[in-house]
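First to last, the sequence lines map onto chains X and G. The opening position of the first sequence corresponds to residue 1 in the working numbering, with each subsequent residue numbered one higher. The opening position of the second sequence corresponds to residue 91 in the working numbering, with each subsequent residue numbered one higher.
Calculated directly from the structure, the hints in this document are not laboratory data. Beta carbons are placed, not taken as given, at the ideal position from N, Cα and C, and that holds for glycine. Treat each hint with caution, since some may be false.
[Unchecked claim] Pair by pair, the computed Cβ-Cβ distance ranges are:
{"#": "1", "chain 1": "X", "residue 1": "Arg59", "chain 2": "G", "residue 2": "Arg283", "range": "15 to 25 Å"}
{"#": "2", "chain 1": "X", "residue 1": "Arg63", "chain 2": "G", "residue 2": "Arg271", "range": "23 to 33 Å"}
{"#": "3", "chain 1": "G", "residue 1": "Arg283", "chain 2": "X", "residue 2": "Thr5", "range": "42 to 52 Å"}
{"#": "4", "chain 1": "X", "residue 1": "Glu15", "chain 2": "G", "residue 2": "Leu124", "range": "56 to 66 Å"}
{"#": "5", "chain 1": "X", "residue 1": "Arg59", "chain 2": "G", "residue 2": "Leu138", "range": "34 to 44 Å"}
{"#": "6", "chain 1": "G", "residue 1": "Ala345", "chain 2": "X", "residue 2": "Glu15", "range": "17 to 27 Å"}
{"#": "7", "chain 1": "X", "residue 1": "Thr34", "chain 2": "G", "residue 2": "Thr335", "range": "41 to 51 Å"}
{"#": "8", "chain 1": "G", "residue 1": "Ala139", "chain 2": "X", "residue 2": "Glu76", "range": "32 to 42 Å"}
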Amino acid sequence: MIVLTCPWCGARDSEEFGYVGELGARRPDPKAATPAQWRSYLYQRANIAGWTSERWYHRMGCRRFLTVERDTTTNEVRSVLDAGGLAEDQ
Amino acid sequence: MTDSAARAHHDVAKQPAGRGHPVAALRRSRYSALSLLRHGIRGDDWPLAWRTHDLRRGYQVVIVGGGVHGLATAYYLAREYGITDVAVIERGYIGGGGSGRNTAILRSNYLTPEGVRFYDRSLTLYSALAAELNYNVMFSRRGHLTLAHSDASLRTMRWRAEVNKHSGVDSEVIAPDDVKRLVPHLDTSSEARYPVLGALYHPPGGIIRHDAVVWGYARAADSLGVHIHQDTEVTGIDVSGGRVTGVRTTGGDIATPVVINCTAGWSTTVSDMAGVRMPIQTFPLQAAVTEPVKPFLRTVVVSGTLHVYVSQTDRGELVFGASVDPFASYSTRGSLEFVEGLSTHVLELMPSLDKLRVLRQWAGVCDMTPDFAPIMGATDVDGFLVDVGWGTYGFKAGPVAGEAMAQCVATGATPELISSFSLSRFARGRLVAEKGAAAVGH
């Protein structure tokens with residue numbers, strides 16, 4: 001079990017949250033992107049073993065999107081911040 | 091044939107073929123009833139199943155990852171093609187990753203003809219493995235049941251059964267009464283939360299001793315001349331002019347023209363070293379085992395709706411598995427949520443197990459691809475081949491993947507059986523549709 005401290009709701013079990021995915025690749029402009037660029041955005045992942053920034057969604061709480069810093073080798077969480085709704089890069 | 095594969099073929103073809111003589115080496119330490127008796131009377135030690143070697147400065151082929159995929163690849167390279175100048179580099183101990191953490195279920199009742207052909211070949215290799223490797227892998231063909239709890243899943247199972255039968259694979263949809271006869275402890279009443287409407291019955295499926303498969307391949311590969319280096323971590327892969335030139339490890343540097351990434355859980359990390367990007371996310375998959383009880387469950391029972399699979403080992407323990415954890419991680423720590431959810435679901439299937447205690451739980455890490463199909467064959471870096479992305483079902487594909495990867499390296503051609511699994515399919519948008527890839531989760 002891991003605990004995420006939601007900036008709005010406080011410390012909650014990760015079961016309350018939905019995992020969206022790692023942050024990183026910026027969504028290309030669909031009008032300008034080549035098929036290869038678009039597919040790279042869709043499928044390629046950094047899949048970092050270590051500290052990573054990712055998007056979570058507090059589906060059973062404030063229903064806000066959050067930016068979480070987590071070590072994927074230990075599941076230690078460093079920070080949970082409000083993402084200000086849906087961030088541009090996701 | 092790709093350039094990379096062709097070059098790999100050119101490089102390995104330079105060494106003399108060794109077909110024939112290594113088989114004699116295999117016979118030297120043959121296990122048999124007679125050798126058991128002899129060792130029993132003499133009371134002397136058995137020879138080590140595989141040896142340790144000093145790391146050579148160069149190998150024809152370096153395989154990263156000493157699990158069933160890596161060791162099977164090494165074995166078939168040596169056995170089928172006489173390529174014995176091979177090193178298997180393992181960070182921990184062999185079979186300590188996915189090969190030792192899976193629930194050891196084998197089956198070939200997939201949904202697409204390609205999937206059925208692929209896993210049927212694997213099952214064929216598995217069923218001959220004990221005799222071929224002279225190692226008891228304890229393959230028990232006890233039958234495999236996938237339960238249908240809804241009309242939709244029953245429909246898919248009829249479809250799967252027809253595809254299976256068309257490919258000559260024994261598979262049939264059976265009624266709840268027949269399910270009850272096969273598994274008397276199953277709650278097949280209509281009052282169940284998820285009533286059993288039928289099941290896909292696959293008699294050739296079963297379970298195997300996964301450690302024995304790893305050890306059997308290791309022993310056979312070792313006797314054919316393959317070097318197995320445990321406790322040796324790959325720290326870098328040297329690429330020069332778009333092709334592989336060597337591997338750096340904690341035991342020293344190796345010059346090699348061919349590197350095969352056969353890791354699970356760490357396939358992104360290893361591919362990153364060669365500068366090859368992977369469409370992979372790593373998720374833990376948890377499993378648990380109960381205390382041993384008298385044999386009462388013969389078949390493997392799977393419920394996709396309840397996300398659980400159950401089998402009873404020869405020792406009497408019940409082995410439970412589920413689907414992957416809800417978030418990406420490399421951590422192999424178990425979680426309470428998993429056992430809670432698992433026990434609830436198991437008791438919905440078999441309420442009479444409520445007094446059974448869970449002995450231990452564990453996790454393995456699974457490399458999930460966007461289409462849940464593996465990534466096999468050549469990459470953009472010449473001489474760097476991959477056999478990764480096996481998700482939650484890598485163990486049952488071990489022998490056929492090893493055979494195909496060995497063929498890739500030795501002949502330079504990508505076998506037709508794995509041609510749709512190339513890494514380039516993601517850039518081309520040609521994803522594989524195999525929804526029957528794993529019984530639960532997808």
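Outcome of the hint check:
| no. | hint | in the structure |
| --- | --- | --- |
| 1 | X/Arg59 - G/Arg283: 15 to 25 Å | holds, 23 Å |
| 2 | X/Arg63 - G/Arg271: 23 to 33 Å | violated, 49 Å |
| 3 | G/Arg283 - X/Thr5: 42 to 52 Å | violated, 35 Å |
| 4 | X/Glu15 - G/Leu124: 56 to 66 Å | holds, 57 Å |
| 5 | X/Arg59 - G/Leu138: 34 to 44 Å | violated, 54 Å |
| 6 | G/Ala345 - X/Glu15: 17 to 27 Å | violated, 50 Å |
| 7 | X/Thr34 - G/Thr335: 41 to 51 Å | violated, 32 Å |
| 8 | G/Ala139 - X/Glu76: 32 to 42 Å | holds, 39 Å |
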